[in-house]
Amino acid sequence: MSIVVGLTVPASMDTPVTAPPQSVRFVYVANTQADTVSVIDAATNQVTATIPVGRAPLEIAISPRGTRAYVTNQGSDTVSVINTATGKVTATIPVDDNPLGIVVSPHGTRVYVTNTQTDTVSMISTATNKVTATIPVGHNPFRVAISPNGTRAYVTNQGSDTVSVINTATNKVTATIPVGRAPFGITVSANGTRAYVTDTESNSVSVINTATNKVTATIPVGRAPFRVAISPDGTRAYVTDTELDIMSVIDTVTNQVTTTIPVGRAPFGIAISPNGTRAYVTNLSDNSVSVIDTTTDKVTATVPVGDGPFGVAAGQAVRRRGAPAMVRQAGGSSAPLGSAPG
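Counting in the working numbering, the sequence shown tops out at residue 342, every number present.
None of these hints come from the bench; they were simulated from the model.
Errors might be hidden in some of the hints.
Simulated crosslink set (BS3-like; lysine-lysine; CA at most 25 angstroms straight-line) [to be verified]:
#	residue 1	residue 2
1	Lys130	Lys88
2	Lys172	Lys130
3	Lys172	Lys214
Using the sequences and the hints given, assemble the complete structure.
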């Protein structure tokens, strides 16, 4: 299935934080057809804010300290920067044509954005909100993920059936890895040893050994797998199978699908809560988000959001008495708010 995005249809190693009673969880959803971002309070499963952004927002990444959310606007060729404390857009950054995937570096100093029409990745300095480098990759780059130590970025090239590996110190592609047909989603395990890629037209997930840059396993899943996310402990991979309206759950030890979970119509984006107990899936055709209890593999809530929900990001802000607020993202890091960029 060839994909034209135009919508007709993490960080350093994860550091545990003991959540006090005042913990605040949040989920951000990009509503592509509404030009907005919905903010869900995960304690109540209610939308508490709707933030206008650019045209056709697709994906969202949250900074390691939780102070900023970065949104790719495909229709505007921009990235919106949201102050998560105020819920306001504080900057709009021009990038190349048709931006889609986005990730923030582990220390929060850089943002990487895939530009699907120019076959490039834009690197943004979070200190200046300016593009400081443009990196050529494969054809139709869709998603981007980063290694836990921040030294490598991995880009799925939907048009060339490959993954580009970028050395983030030199901003050069150091390897190109053949995968399945029409790769879309990608994520890196918390220990950095494996990358998981959804092969949308092969109905599979490719598992890459990041030491050798070779595919070591190919896992059959449902039809049209788009996004993939890893549990914080690395034991499970979650895949949205868009044409079957399900989420596949993979045991990462056996590389086998252990269960499938019915969700809404045309599931697309997926995010895992920092403690791994919840998965959030955007349902493109239902204008909703399915909330899944990962201990029971059951949908516990369905949250209405804006039109065309696409990307989703989840995090947890934590405030301790007498200490600065801290934030953990799934697959991300923990750090005091306001102590450094991001």
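Below or equal to 25 angstroms on CA atoms is what counts here, so check Lys172 against Lys214.
OK: Lys172 and Lys214 at ~19 angstroms, within 25 angstroms.
Mind checking the alpha carbons of Lys130 and Lys88 for me, to see if they're no more than 25 angstroms apart?
With a Cα-Cα distance of about 19 angstroms, the restraint between Lys130 and Lys88 holds, given a limit of 25 angstroms.
Satisfaction of hint between Lys130 and Lys172, Cα-Cα up to 25 angstroms
19 angstroms, holds
In summary, this structure violates none of the numbered hints.
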